[in-house]
Amino acid sequence: MKLKNNNIDIFCQVVDNFGDAGFSFRLAKFLKRTKPQRQIRLFINELKTLAQIIPGVNPERPMQNIEGVDIIVIIDQEVKRITHLQFASLAIESLSSPIPEVIRKHVHKDVELIITLEHLSGEKIFESMHGLPVPNRQGIPRYLMAQGFSNKSAGILIEPNIQKTINDVNNSRQKWRNKFLQPYSSFLPSDLSQIKMGSIFSYEHDFEILLTNVKSGDDDMLLIVLGDQSQVSMKTALQYEQTFWLSEEVAKIGNNYLVFPELMPQEDYDNLLMVMDFNFVRGEDSLARAILSGKPFLWHSYDQGDNYQLVKVEAFLEVLIKCQDSVQVFTQYVQLMRAYNWRKTKTDNDPPPENYFHFFKNFATIHNWINKLRQDLILQGGLIPCMEQFIESI
Amino acid sequence: MKFAEDLRAGNIIKMGKDLFVIIKAEYFRAARSNAVIKTKYKNMSTGAVSEAVLKTDEKLDDVRLDKRVMQFLYESDGMYAFMDQESFDQIEIPKEDLGDNVNFIKEQDNVDILIYEGRPVSVELPKAVVLKITYTETGVRGDTSGKVLKPATVETGYTVQVPIFCNIDDSIRIDTTTGQYVERVK
Numbered sequence: 089m090k091l092k093n094n095n096i097d098i099f100c101q102v103v104d105n106f107g108d109a110g111f112s113f114r115l116a117k118f119l120k121r122t123k124p125q126r127q128i129r130l131f132i133n134e135l136k137t138l139a140q141i142i143p144g145v146n147p148e149r150p151m152q153n154i155e156g157v158d159i160i161v162i163i164d165q166e167v168k169r170i171t172h173l174q175f176a177s178l179a180i181e182s183l184s185s186p187i188p189e190v191i192r193k194h195v196h197k198d199v200e201l202i203i204t205l206e207h208l209s210g211e212k213i214f215e216s217m218h219g220l221p222v223p224n225r226q227g228i229p230r231y232l233m234a235q236g237f238s239n240k241s242a243g244i245l246i247e248p249n250i251q252k253t254i255n256d257v258n259n260s261r262q263k264w265r266n267k268f269l270q271p272y273s274s275f276l277p278s279d280l281s282q283i284k285m286g287s288i289f290s291y292e293h294d295f296e297i298l299l300t301n302v303k304s305g306d307d308d309m310l311l312i313v314l315g316d317q318s319q320v321s322m323k324t325a326l327q328y329e330q331t332f333w334l335s336e337e338v339a340k341i342g343n344n345y346l347v348f349p350e351l352m353p354q355e356d357y358d359n360l361l362m363v364m365d366f367n368f369v370r371g372e373d374s375l376a377r378a379i380l381s382g383k384p385f386l387w388h389s390y391d392q393g394d395n396y397q398l399v400k401v402e403a404f405l406e407v408l409i410k411c412q413d414s415v416q417v418f419t420q421y422v423q424l425m426r427a428y429n430w431r432k433t434k435t436d437n438d439p440p441p442e443n444y445f446h447f448f449k450n451f452a453t454i455h456n457w458i459n460k461l462r463q464d465l466i467l468q469g470g471l472i473p474c475m476e477q478f479i480e481s482i
Numbered sequence: 002m003k004f005a006e007d008l009r010a011g012n013i014i015k016m017g018k019d020l021f022v023i024i025k026a027e028y029f030r031a032a033r034s035n036a037v038i039k040t041k042y043k044n045m046s047t048g049a050v051s052e053a054v055l056k057t058d059e060k061l062d063d064v065r066l067d068k069r070v071m072q073f074l075y076e077s078d079g080m081y082a083f084m085d086q087e088s089f090d091q092i093e094i095p096k097e098d099l100g101d102n103v104n105f106i107k108e109q110d111n112v113d114i115l116i117y118e119g120r121p122v123s124v125e126l127p128k129a130v131v132l133k134i135t136y137t138e139t140g141v142r143g144d145t146s147g148k149v150l151k152p153a154t155v156e157t158g159y160t161v162q163v164p165i166f167c168n169i170d171d172s173i174r175i176d177t178t179t180g181q182y183v184e185r186v187k
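In order, the protein sequences belong to chains A and B.
Following the numbering used here, the numbering of the first sequence begins with 89 at its first residue and continues without gaps.
Following the numbering used here, the numbering of the second sequence begins with 2 at its first residue and continues without gaps.
Rather than coming from a laboratory, the hints here were simulated on the basis of the structure.
Among the hints, erroneous ones may be present.
[To be verified] Derived SDA-like pairs (lysine to any residue); straight-line CA-CA distance at most 20 Å:
hint, chain 1, residue 1, chain 2, residue 2
1, A, K212, B, K18
2, B, K39, A, P186
3, B, K18, A, I228
4, A, K240, B, E27
5, B, K15, A, L220
6, A, K193, B, D58
7, A, K240, B, K41
8, B, K18, A, P229
9, B, K15, A, K240
[To be verified] A few chain A positions that, by computed beta-carbon distances, are all more than 10 Å from chain B:
hint, residue
10, I154
11, T204
12, H207
13, S216
14, N224
15, E247
16, N249
17, V257
18, N259
19, S273
20, D358
21, R431
22, K432
23, K434
24, G469
Keep in mind the model is a prediction, meaning the values are calculated, not measured.
Here a beta-carbon is modelled for each residue, glycine too, at the ideal position from N, C-alpha and C.
Bound conformation, chain B alone (with noise of 0.2 Å):
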């Protein structure tokens, strides 16, 4: 049994008979209940996607999830194709399945993928990972306060509000549940 608040994309959920896929997860804080969580999922039988809120301390059933560790190897047509790390076969997910996940993953990353029942269903990434800023505009001199915010794109094309004094090719922690600017890494 698992808590909705630990839920992120790439999740598999079950609710009734059916098994779900999260593809994106948004927390909103409530002003003195518990946090909610905003999910779009798809059905794995039927393929409807769908919407929903979860309340965070809501029990969700376990499923029994094999994983394997694979490499990312391209993107194409909305496939995302990864390569086992052992047997060299190559399996392809829907960009779909992996919902906000593949703003996280860039080429030759090893990352875990999920399998139920033999079939390749999502992937599982740490809580933060860190990218390389391609492009941002130049910060102006003095906010070292982290409060101001601007743009920044990311090597995997994806865009997260950064401090001013981040700058093109540093590092950054970006927290993959909710696809926010964590630190700069050194």
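Looking at chain A on its own, in the form it has when it is part of the complex (with noise of 0.2 Å):
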């Protein structure tokens, strides 16, 4: 299909957390950065979510420009205006948000091809649906694109040059290290070469076990701990253990030290993935990212209801089997994953056991499989690539 434009609008509806707005603003950018001379536009019902991960954007301006993508808030006072604007040929339904109805009714005149583009997940039936029609009353021709795993998928989101930014963080890997500790630095050790270090950002989770494993772990340990959710649901299990609280941000327990920063913005969390030793993940915005950092993780699934998110879970592990090389380290890490995503339901209300000691022990093992399954990944090209590759051959 030739499209008369190259330009390409994104609809990005917001329903919780930083997901939504997270992943669609870095499809935006990364879309821009492939075409600089393409006019990408966002339109997105709050700001609010994105400008807490995105730097320079002022969440109480109706439309602005940051690194190059037009941001449009669809808000009553605007939707005149909104909808006197030519829209783009290519229209994209970020993570399914609909094109609001006020809209709706006055793309037909400009869109030539709508994306539905559906949320990163390893399911077989959510493969089979990639690349088919989404029939809708405006009559314009509509498509599913399917973010994945296999080639059978849109993949997922990769910027352009990925090779390149991981060569450089990781060549500037102690100077990143530097700059996400360098406002605690008065409350660690002056050394930090023997500690391991992990990210944590997660939805709510009881984290007592975890410190109960890392207290009593080989190796000490800095966790750098990111949002509200993860934040809290830390310091309530520190509650149960002895805690030295160094400064407001800075907790030790035994010789091991939790910091609790400010969200950071999106690009700064991007290198942090790959400058620590491991990470805890959550949302498919961030499994992608961690997939990508090459590390070692453990991925928090969205928590859908009567323990659904297992299902995705499972989906994601029959993925990572084909890259793992030890059945024993697997087995374990699957056990944890399981336990790690399991959420009290009404009928189900006993805790599988979760022990991160394996988990631990066996970075270097993980490592090889993640790095596998990110090369894998990187080789098939990524969803903008895909999706280029889909829009001319329909």
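Put the two chains together into one complex, using the hints given.
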């Protein structure tokens, strides 16, 4: 399909947390970087979320340009102005965000193709939907693209020149670590070279067992705990430990340190994942970034009620199993991933046992699996080239 | 106007000017957005079979259909024969147009046949049906949680995953939308 112009309008509805806004801006930014001459607009229903993770975003301004992306807030007062805009030939419903009803009736004059971009998932049924038409009442051709891990899917969102980014960050690993820890350096040991460093960004979780395992593990650790839900959960668990608060943001249990920084910009977070020894990440966007970091990680999947998120976790493990080289370590990893993602439900009240020791002892082995998965996904090309090829093919 | 989330095999929908019969409808729960439905449907004018994805909150145009209660008589060469319970007229519907519904109807069952402009086009089933298990492996004692599943064949020939405590000759309720086991019926 040959579109009349190269411009792209991305529609994003922030439902909760940071994933919707964060992913959509990342997509917009990478599309712009791929072809700088085209106009990329991000239509979004609120800006407060994005302003917390993207430097320069002013939540009070309905229209602004950040990193080459025109960001437009869809609020009632602006709808009249928005509907007079000329829309791009390609509209993307980011993470299945619908084009708002008030705008939908105006886009048909300009939009030639709509891509409904779905969340990242390894489920086979999801892959089988990739590339199928999504009929709509406006009669505009619309197709579903399913982010996933195999070449039957759209892949994951990868920036142009990813390998250069990986090399650059790895070459300046110490500089980045210093940047993240500098505000707390007076409370931390001067020599951190023997300490294992990890980031924790999760939904609500009981971290009591994690802390017990950290305290009695072979290595001393430094955990950087990010985001309200992780920080509240971790501080609750710390109440059951002998904790020394060295400052409002730094706690010590045994020989281990926990740092509680403010939320950091998206790009800093991406780099943080690359320079840590391990990461705990949450949601789909961070899952993709954790894979691209190449570092061992645990994934906290979005709670879907009735423990349905475990289906998503199993699907991801089915992907990772192809990269593993130790059945014993993988079995232990699977058990931990299942236990970490289990949520209390009306019918299921007995939590499976969590054991982090095996994860901590096998960083090198798990590192190899994640690296292999990263290389496989980079070789596949990722979402943006896949989208371009798909459009050409229809 | 109805929403796509109500769709199931046998439904007739209108897209553009064309009418389509839904052959298969599979639900998928996305991470945070609404569920989507993968559908296989047949264009009632051209006979072309296609696949598409519908968002569950997608509004669909109503199609006016008449319903007649008919008894399923037999299947022969891919055609399903039904008999009108009042006029005793017999009609035939291709298996393909009945979609996954063929898994849930057995001979002698009374079902609602959908009629469009005088032409029988599909069948509408209740949300759940009760069918007898004709074959399944014997379960192992001890598991009563219903979490461990095994395959079971029911009297229509359909195979469904059931809890391990289900046995041959048990009657079970099956959701006709998802094709999944709901409960054992005493």
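Q: Please confirm whether A:R431 is truly not at the interface, meaning its C-beta sits more than 10 Å away from all C-beta atoms of chain B.
A: At roughly 14 Å from the nearest Cβ of chain B, A:R431 sits farther out than 10 Å, so the non-interface label holds.
Q) Would you say A:E247 is clear of chain B, with no C-beta pair closer than or equal to 10 Å? A) Nearest chain B Cβ is 22 Å from A:E247, so the label holds.
Q | chain B versus A:T204 - minimum CB to CB distance exceeding 10 Å, so not interface | A | 8 Å, violated
Q | Beyond 10 Å from each Cβ of chain B, as asserted for A:H207 | A | 4 Å, violated
**Q.** Claimed clearance of chain B by A:G469, with the beta carbon kept past 10 Å
**A.** Holds: least Cβ distance 23 Å, greater than 10 Å.
Q: Would you check the hint for B:K15 and A:K240, treating anything up to 20 Å between C-alpha atoms as holding?
A: Roughly 30 Å separates the two Cα atoms, so the pair is violated.
Q) Holds or violated: A:K193 with B:D58, Cα cutoff 20 Å? A) Holds, at roughly 17 Å.
Q: Measuring Cβ to Cβ, find out whether A:V257 lies farther than 10 Å from everything in chain B.
A: 27 Å, holds
Q. Can the restraint linking A:K212 and B:K18 be considered satisfied, given a maximum Cα separation of 20 Å?
A. 33 Å, violated
**Q.** Verdict on A:K432 as a residue remote from chain B, using beta-carbon distances over 10 Å
**A.** 16 Å, holds
Q) Is B:K18 close enough to A:P229, meaning Cα to Cα at most 20 Å? A) 15 Å, holds
Q) Within 20 Å, alpha carbon to alpha carbon, are A:K240 and B:E27? A) This hinted pair holds, its Cα atoms lying about 19 Å apart.
Consistency note: the structure conflicts with the earlier hints numbered 1, 9, 11, 12, 13 and 14.
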